[in-house]
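**Q** Model the full assembly from the supplied sequences, consistent with the hints where possible.
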Amino acid sequence: MPSPATWIISLLISLPDFVFTHVDRKTGKCVSPLGPEVDVPSGKATYVIAGISLYILLPSLVITFCYFQILRGMFITQNICAGPANGNLEKRKLAILIIAVTVAFYILFFPFAIFMLHVALEKHFGSTAHVEMKQK
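Going by mature numbering (1 follows the signal peptide of the UniProt record, and there is no 0), the letters in the sequence shown line up with residues -21 to -1, 1 to 115, in that order.
Be a bit skeptical, because a hint or two may be false.
Derived CB-CB ranges, DEER-like [stated by the list, open to error]:
| # | residue 1 | residue 2 | range |
| --- | --- | --- | --- |
| 1 | Thr25 | Asp3 | 20 to 26 Å |
| 2 | Phe84 | Lys8 | 30 to 36 Å |
| 3 | Thr43 | Phe(-4) | 40 to 46 Å |
| 4 | Lys5 | Ile93 | 44 to 50 Å |
| 5 | Tyr85 | Trp(-15) | 33 to 39 Å |
| 6 | Pro38 | Leu100 | 40 to 46 Å |
| 7 | Ile55 | Leu96 | 32 to 38 Å |
| 8 | Ala79 | Leu40 | 27 to 33 Å |
Quick caveat, the hints were computed from the structure, so don't treat them as lab data.
Glycine included, every Cβ here is placed at the ideal spot set by N, Cα and C.
**A** Shown next as structure tokens:
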């Protein structure tokens, strides 16, 4: 997909958050439609699940597929970095870099996705864990 189309799609997906975020005059705080204080469980949950799917799960699948194809081309089919000038040490370093980037992506983005799902679905399923903790 060309870059301008990617930017337009990402802006359209983010548009509800831009439009519905406002400042609460009483508290002076910024209120997001995805925040825990907003009581719109079904719409918020749908928006968060769609956002997580498009912002985290889809890129995870694409990154994993692409890097797997690079590693397969380097070590199995030998059509990437093939030839006498490219030794195994360089291939190994590149493979470690690819794996490190992929693991870093997962480590950094999946906790955020889990937290956003928790916030979006908390009121939808009627979780009272935070109320019990406050009472103790």
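**Q** Looking back at the hints listed earlier, which ones does the structure fail to meet?
**A** 3, 4, 5, 6, 8
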